[in-house]
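Student: Last residue of the sequence shown: 328 (the working numbering), numbering continuous.
No wet-lab data here; the hints were simulated from the structure.
Any given hint could be a false lead.
[Claimed, not checked] Below, computed lysine to aspartate or glutamate pairings styled on EDC-like, alpha-carbon distance capped at 16 Å:
| no. | residue 1 | residue 2 |
| --- | --- | --- |
| 1 | Lys95 | Asp201 |
| 2 | Lys122 | Asp245 |
| 3 | Lys149 | Asp230 |
| 4 | Lys149 | Glu181 |
| 5 | Lys281 | Asp113 |
| 6 | Lys127 | Asp237 |
| 7 | Lys178 | Asp237 |
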Amino acid sequence: MRVTQNYSIHSLLQRVSDARERIQTLQFNLATGKRINRMSDDPEHIETVLRYSNLLKNHERFEKNLKNAIDFMSISSQALDDAIDTMSHAKELAVKGVTGTNNEEWEAMAEQVNQMLKQMVDLGNTRFNGRYVFGGSYTNEQPFTLKADESKVDANSNGIDGALKTEFGDQRIEQYNVTGQDAFMGTVDVFQTLVDLRDAFKAHDDSAVQSLIDQVEQATDQIVQQNGKLGSKINRFELYLQQYQSQDVKLQEFLSGIEDTDVAKAITELQIEQTGLTTALQVLSQTLNISLVDFMK
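Let the sequences and hints guide you as you build the complete structure.
Tutor: Following this line, the structure appears as structure tokens:
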């Protein structure tokens, strides 16, 4: 008789233990909103969950890289827009200078161009998040410096032509910067063009001013060309970003269908398990009382 009672008690204890474990699992699933929290929860689907979760993590990294590059290029493009406006104004002054001006106007124009030169240096030294956008690969070093006598603009001796690249896909790495060399010191030295124009105004040399008009146009075209490259790349990077974000929505929906907790179902199961546990505890209590009475006989 005692063997049978011991077996019954052991069986009831096991039922109580199993019920408590199931209740804890259901409570945890409801708290996390996930029915798959460990590899053992659903061996059939865990490999798929891990694969898609890793894919989402990679997308997150690629999207961050794309956003940083887009912001960097947008700041660069705005600086080049301002540089184009500056050079357009310089051309207007040059054209005005050869159509007849007096000495006071020459001096005023020379000063205006000198201010444009300083502004152009500032634009060449544009920074984004503490990085010089036209510094090439040396983003922590100022790319351009106007000499103290304002006779020339020197470029960073370490170079301003290095490429900055970012990864935004498997085997997809691209340059995202326009270098200071390409924008300001390529075929035409933008800074020297402004220096020469300023000095021509100072010398009241209308023939020199006339000869510089084409150079000003070439310098402007050079900046426009580089800004156009930036604009195209910004558009392309934004397209990649949108594609990743669209894929993320679909991946999240797919993962939710696999690993998310069915709240209504889980609550119902939890209530059933709690009722079962209460019943098992009551039966266990009665069985233990009977066993104790038999033992005392």
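Student: What are the numbers of the hints the structure violates, in ascending order?
Tutor: Numbers 5 and 7, in rising order.
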